[in-house]
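Colleague: Residues per chain, in single letters:
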Amino acid sequence: MAGRDWNPMRRLLALPNESRTKTIVVAFLVSAICAALVSGATVVLRPIQSANRAAEEQARIEALVQGIPGMAVLLEQSGGTLSTVVIDLDSGRAATDVTPATLETALLDPANWTALAPGQDLAGLGQRPNFAQVFLLRDGDRVSLVLLPLSGQGYGGRIDAILALRGDMNTIAGIAITSHSETPGLGARIEETSWQASFPGTEARDDSGEIRFRVARGAASGVHEVDGITGATRTGRGVTQMVRFWLGPDGYGPLLDAIERGQF
Amino acid sequence: MANRSEMWRTLSDPLIRQNPVTLQILGICSALAVTTTLATAVTMSISLTVVLTLSAGLVSTIRRHIPDTIRLIVQIVIVASLVIVIDQVLQAYFAEISRALSVYVGLITTNCLVLGRTEAYARHNAPLPAMVDAFGNGLGYSLILILLGGLRELFGKGELFGREVLPLADAGGWFTPLSLMLLAPSAFFLLGLLVWVVRSFYPEQAEAPEHTPPLGAEPAE
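Those sequence lines, one after another, are chains A and B. Those letters in the first sequence? Residues 4 to 267, per the numbering used here, in order. Those letters in the second sequence? Residues 1096 to 1316, per the numbering used here, in order.
Just chain A, with the same shape it has in the complex (with noise of 0.2 Å):
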């Protein structure tokens, strides 16, 4: 007769299927092990996928700068680059202690985060970075076009947008969906030019200065709304929660004062 077996892993095995431990202990051999891999793999890749998601980034701006009628030659004659500014979210301003470069470092500390209060949150983020990259583009002294990076809930997650506006502050020049989780062939659609070519030249504000802009349900009606996408109510609604938030008091509204005011 053989001894008592004390290796504890041969002692496992030996166990009838059917009993209560090696159920257990299988299935959290299996998920610890599988939890293992899939965050191994994240962790190894994610500078990869960053790198590729930041020139896609990069890729979208200039498609949309050059997408809009006369942006080019405008971009041209000011030297055929933007100006990047982060700027103070509260106050409108350009940060003084916070440059792009410095930038991602700064949001991963918590206080440089506003937590919004449910009355306030209307784009579903719960909170809000107080600084943000913006680009701009000047024309002599003023502003010809600035594009702000949006991002909100929509159906099947966080929608991330970049959103031009013309000098006025007040009418689109166009919009760009950098990334996304919608259903594909319904809410995902808003990432087609031919879903986007219904926002330039749609006001965001009317003459008192509220915003109503809106994605209608259906086609749009009025200068203060694009188009709807069929069977995408909920993607819609958070395009329309979104642009509504980050053009706010909340968001970039303070900016856009001071643009508007000639003082940026």
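Treat the hints with care, since some could be wrong.
[What the hints assert, rightly or not] Where chain B lies over chain A, by a calculated footprint (3+ residues, C-beta under 8 Å): (1) 39–47; (2) 103–110.
[To be verified] The calculated label-pair distances, taken between Cβ atoms and stated as ranges, are: (3) CYS1124(B) to ALA223(A): 33 to 39 Å; (4) GLY43(A) to TRP1269(B): 49 to 55 Å; (5) GLU1214(B) to MET12(A): 41 to 47 Å; (6) CYS1124(B) to ALA39(A): 28 to 34 Å.
Calculated from the structure, these hints are not laboratory results. From the three backbone atoms N, C-alpha and C, an ideal C-beta is built for every residue, glycine too.
Start from chain A and add chain B according to the hints.
Modeller: Chain B only, in chain A's frame:
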């Protein structure tokens, strides 16, 4: 020797005679969705074959120790983890194609083909035959996907792998693209025709009719 020919049969059977798509009609959701271009079809085929082979190998390795009560969950966890890893690799190194495939890579998890092979074959066989069987099934699936992708891209856009093959009419050529080929229904039509072709070569695959139509209607007097 007998062993080797058996191995060869395990590998080659699922290519045409036992093809998982045309015979068992498994995994057609992705077969329809990602075959608009050859490049996405090829990527999807490779991803599925890799996931299928690895998961068959893993499940088969621990097959004697998977408690019966939780075997499906264990298999799905293994498959899902492999799918996530593949998805991450695609996002890192093939960002363009990964965007084109969107959710369908993630849906490999629920592809009946994967669970079907692990449940039906890998669970009862040693790792090597299980992986050979899975690889064969992956190739069978790939064959159909690449065929559909090639036909749809060729007739829908006049291109193969994004390169012009048939000169388009609007660019001075002679070929007018069939835009229907880029829509999902055309994949159904092509797949249906393919099943028909395969079953006329292998009449034993045809299923017995479930209903007999009523006899020819006699004109009422």
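Colleague: Going through the numbered hints above, which ones does this structure break? Give me the numbers in ascending order.
Modeller: Those not satisfied are hints 2, 5.
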